[in-house]
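Undergrad: Residue numbers (our numbering), protein chains in the order written: chain A, 1 to 154; chain B, 1001 to 1414.
The reader is advised that the hints may include incorrect statements.
[What the hints assert, rightly or not] With a cut-off of at most 20 Å between alpha-carbon atoms, the simulated SDA-like pairs for lysine to any residue come out as follows:
id: 1; chain 1: B; residue 1: K1182; chain 2: A; residue 2: V148
id: 2; chain 1: B; residue 1: K1187; chain 2: B; residue 2: Q1198
id: 3; chain 1: B; residue 1: K1003; chain 2: A; residue 2: Y98
id: 4; chain 1: B; residue 1: K1074; chain 2: B; residue 2: K1366
id: 5; chain 1: B; residue 1: K1042; chain 2: A; residue 2: I120
id: 6; chain 1: B; residue 1: K1187; chain 2: A; residue 2: F80
id: 7; chain 1: A; residue 1: K107; chain 2: B; residue 2: N1004
id: 8; chain 1: A; residue 1: K111; chain 2: B; residue 2: D1017
id: 9; chain 1: B; residue 1: K1165; chain 2: A; residue 2: K111
Calculated directly from the structure, the hints in this document are not laboratory data.
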Amino acid sequence: MTNAMEIYQMLPKTNCKKCGKTSCMAFAVALMTRELTPDACLPLIEEPKYKDSYEKISGLFQPSEGATDTGLIVHEDLCFGCGNCVVACPVNVANDPYGVGSGNAPKNTSKLILVIEEGIVKAQKVDECRRFGKNKILCNGCIVTCPVEAIEFV
Amino acid sequence: MEKNYHVCTGCSLLCDDIEVESGKDTINKVYTACRVGVAHMKESKKKATFLVDNKPVDGEKALNEIVKILKNAKSPMIFGLGTSTNEAQKQAIELGKKINATIDDNSSFCFGSVVEALVTNKIKTCTLEDVRNKGDVIIFWGSNPADSHPRHLSKHSYFPRGSEKQRGWEEERTAIAIDIRKSHTAKICGNYFIQIPQGGDVELIDALISGLSGKLPKTSYNYPPKKILEMANILKGARFGIIFVGLGLIYSLENLEPLFRLMKVLNEKSNFHLVPMVGNCNVRGFNENLFAETGYVNSVKFENGIVKHGPEYSIVESLKAKTVDAALIIGSDPFSSLPRSIAKYLLEIPIISMGACETLTTRKAKVHINTAISGVEFGGSAIRMDGTLVGFKPIVETKNPSEESIFKKIMEAL
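One chain only, chain B, in its complex shape (with noise of 0.2 Å):
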C-alpha cells in the first residue's frame, strides 16, 4: 500500500517522511515525527484571526491599518521570515523594495556568516542524504541535535544504515562531540567527546591543525596532547567526514578565518564538509532568497532601487541606534530572542506582527494577524539546512490567511 507521507515544518532538518491521521480541520494522530514535530502539527488556534490593539476587528481594517503605518514610515523594517515558506519570504522581499524597508532576520546574530560562506562557495558542503549514505566521521561542534534537531541523528547523521554504510553506526560510523558541557549529544558520542572552557574553540581548531600536519598540539587549557593526536588521526582518516557546526562554535569564533584555515587543512589530509545547524525551518531558505535578489544574505536595505548592505542593517544594531520607525516582524519574536536593553526600542515603534503563536512580539503589536502554520495549514516549499528545497501541501483547512496573501493583499492596497 502507498502511503501518504507529509513533511514536518517544526525544525529545519524539514522531516518527509511523516504519517498524519487527519480530519477536515483537525489533526489526531502523527506518526514518526518526534515531539517538537507534534505539538508543532497539532497546535491549534481557536483565536481570532486580526488583532488591532489586541481586540479582534475585521480583516479590511487590520489591512488599513497596516497600510497607515507603513505609508506613515520613513524608514520600516521587515524581520523574521524564518518559518515562512519560499514563497512568502520573496513577496516579502518585493515589499521591503516597495517601501524602502530594512531587511533581516536571525541569522544576522546566528548563521547568516556561515550561510553566506556556503552559498558563495567558500566552504565544502554536502546534503543530509550524502551524511547518510556515506558519512564515516561525523563531528558535532558547538552544536546539540539531540536537543535542538531531535530526529538528526536517527533520521540522517549516525543510526541509519546507507548505501555506501550497510553495517552503519555500531562499526563504520564515528560521531564526536566538541562542546562546553556533556550534552545529550555528547552522551551518544560516548568516549569521543572533547569537553573544551567557553571560548576554547579557536585554540582547538589551532591544536587539530597541528596535529593533523604532525605537530605537538598545544592548548592554553592543557587539554591532553594524545588525545587531540588521537582525533587528527581519527579526522585524516575520514573518507567522507561532516562538521555539523552549532552557535557554540559560531558565538565562540570572532569571524570565521579559523573555521577555514581548519576546512582548509582537513580537506588537504582527507575529504570534509560542513554544514550548518540551523534552527526554524526556513532561515536558510530565506538567506538564499535574499542573496538571490540582492547578493547579500541578511542586514540590507532597500533605498530607491539600491541595495545597501552591512551589519548596521541588522536587527541588533537598527534598533540600538534607533534608525527604523516601524517593525512588521513575521514569525518571530525579538522581546524574546534579543537582549532586552535592544528590544525596548521596539516598545516605541508601531509594530505589526504576523505569525501562528501568540508570543511577546505578538502582545505587544499594534496590529496581528494569526497567519495560518506553514507546512500544516498551506503548502509552499523551504529550504532545509543543507540547502536542499523541499515542497510540501496542506494536511489540514483553515480559516487564517497564509503569509503569502497577505504580502500580496498589502502590496495592491499600497
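Isolated chain A (complex conformation) (with noise of 0.2 Å):
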C-alpha cells in the first residue's frame, strides 16, 4: 500500500483549498484515511495535465471498492467457512458468549460482526468492529486466525 508522501507526488501542489482542505499534503491524509475520494479534487478531474495522475490515484483506491464501509474485504474464493475468525472476534464474543464464543452457532446474529453464510465468512454491522470508530485499536484477530488470508483490511 501507498502512503500519503506518494500520493502527494501525484497531486497539484497548488493548495488551491477547492477540496475543502487546507493543503494538498492535507487532502492527501485525507485520500489515505478514506475521508474524501480522488474527484473531490476539482483540478485533477478538470485540467487535462493531471489526468494521468488522476487515472493512478484513483486506481491506487481501486481495490477498496469491494470493500465495506470500514475498507474490510472477504476473498471468497479464498474462504472457505471455518469460522475461526468468527470465533475468534473479541466483539463477537462479547455480544454472543454462548452461541460463537463458545464455538457454536450464533445464537443471535444481529450484534455480530462475522457471520458464516453458505459457506463463507460474510461480514456486517462492521461499524461495531474495534479497529474503527473514536476509540480505535489495531486489532488483528481475524486477520491472524485465518489459514487462508481470506481477510484484509485496505
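The two chains are supplied separately, each in an independent frame; assemble them into the complex guided by the hints.
TA: Structure below.
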C-alpha cells in the first residue's frame, strides 16, 4: 500500500483549497484515511495535464471498492468457512458468548460482525469492529486466525 | 426463539448446530456450516435411482441382479460403509454373516489400528466437548484439520471459550503442529510448529520422551535439542493435553508401539488424551459396530458362523490375492483411494455399488443404486471421531431409497 507522501507527489501541489482542505498534503492524508475520494480534487479532474495522475490515484483506491465502509474485505474465493475468525473476533465473543464465543451457531446474529453463510464468511455490522470509530485499536483477531488470508483491511 | 438445528454429515466432526432454509425437497441456504458441509448438503441428484450396466432400470430388476450376483459368489466382499448410518452398518454386517462375506472398510489402511487401541482402552481418550472445556495443550500430529475438518479448530479444539477455559485461545491454550510441511494448521500454530523430515516421527517421539525424562534429545536430522526441550516443558505443564493424530503419523509408524510409549510417559508426567482425525462421517461407527458384533474393528471374514480376522481379509490383501469374487461397495470409491495395481482386480469381478455420488467405482459397477444421503435425506445415527453417538433427522424428502431399506430388501430376497 502506498503512503500519503507518494499520493502528494501526484497531486497538483497548488494548495488551491477547492477540496475543502488547507493544503494538498492535507488532501493526501484525507485520501489515505478514506475521508475524501480522488474526485474531490477539482483540478485533478478538470485539467488535462493531471489526467495521468488522476488515473493513477483512482487506480490506487480501486481495490477498496468491493470493501465494506470500514475497509474490511473478504476474499470469497479463498474463504472456506472454517469460522476461526467468527469465533476469535472479540466483539463477536462479547456479544454472543454462549453462541459463537463457545464455537456454536450464533444465538443472535444482530450484533455480530462476522457470520458464516453458505460456507463463506460474511461481514455485517462492521461499524462495531474495534478497528474503527473513536476508540479504535489495531485489532487483528480475524486476520491472524485465518489459515488462508481471506480477510484483509484496506 | 428456539432454533431448529441440523447435523452435518460432511465429515466426522458431525457439527450439530447447522441452520438450514429448505423447501420440500431442496436446500436453499445453509448457515454456520463450512464449505464442505454446504456442498455435501446441497448435493442434488436428479438422476435415475437404479442402474444396471449404466442403464436406468426399475427397482425390481436391479434387486434381482444384485441377488443373482450375491448368490453366484462364493466369496463376496462388502466394503465401505464409511458414510452410512449405524443402522445401515448393522444391517450390512448381518448381510455379511448371511452370505459368508469378507467385510472391511477404509480404516484397514487408515485409522483401524488406532480405533482398535481406543475401543480396547489401550490409550486414554476424551470427547471433543472435554477438549473445548478443558484442553490447554493441543497437538496436531500429522494432521491438518484446517483443511480436512474445517470447523475443528473453531468449534472444538482451539478457538472457542470453554467452561474451564474462559479466556480462550489467546491466553489459555497452546496449539502445536507437527508435520512435514507448513500446513494451514501449522500456520495458525505459529511458532509452535515442528517441521520434521518424512518418516522422522519415531525419532521425534523418542526425542520427546528423552526430553520429558530430562535427557538430551537427539535426532538423526539434528532438530535443535533446545526446541524439543522447550516443547517437552510445555507438554509437562499440560493439565489436559490432547494429541489429534492424523494419517501423517500413522503412515510413518510400522506399528503403534512408539505412540503407546509416548502416551505412557506423557501420562506419567501430565495428563494426555488421544483422538484420531477420522475422515468420513461414520468410519468410527463402522469400527465400533463391527467390534461389538465380532470383537474386531475391520478386516473380518464370516464363514458359516465363524469369524475370521487378519490382514489377509483387508481390502488391499483380498484384492491382491484375488480371494474375492464379487464386491458390494457402499459409499466408497476404491478406484480412487487404492493404488491402481490393486484396484484393477475389481474390473474382473462384478461390482454392486451404492452411494449418493457418482464416482469411478459407480461407473464401473454392474449394478448401481443412487441412495439417499444420510443426514440430509434420511435420518439415523453416527459416531463422531471421538466416539460420541450423534443422532440426526432428515432435512428434505427424497425418492431415493435409504441404504438401510436396500439391505433389508436384499436380505428378504436372499
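Undergrad: Confirm or reject each hint.
TA: Each hint tested on the structure:
no.	hint	result
1	B:K1182 with A:V148	holds (12 Å)
2	B:K1187 with B:Q1198	holds (19 Å)
3	B:K1003 with A:Y98	holds (14 Å)
4	B:K1074 with B:K1366	holds (17 Å)
5	B:K1042 with A:I120	holds (15 Å)
6	B:K1187 with A:F80	holds (16 Å)
7	A:K107 with B:N1004	holds (11 Å)
8	A:K111 with B:D1017	holds (19 Å)
9	B:K1165 with A:K111	violated (24 Å)
Going through the hint list in order, the structure does not satisfy hint 9, though it satisfies all others.
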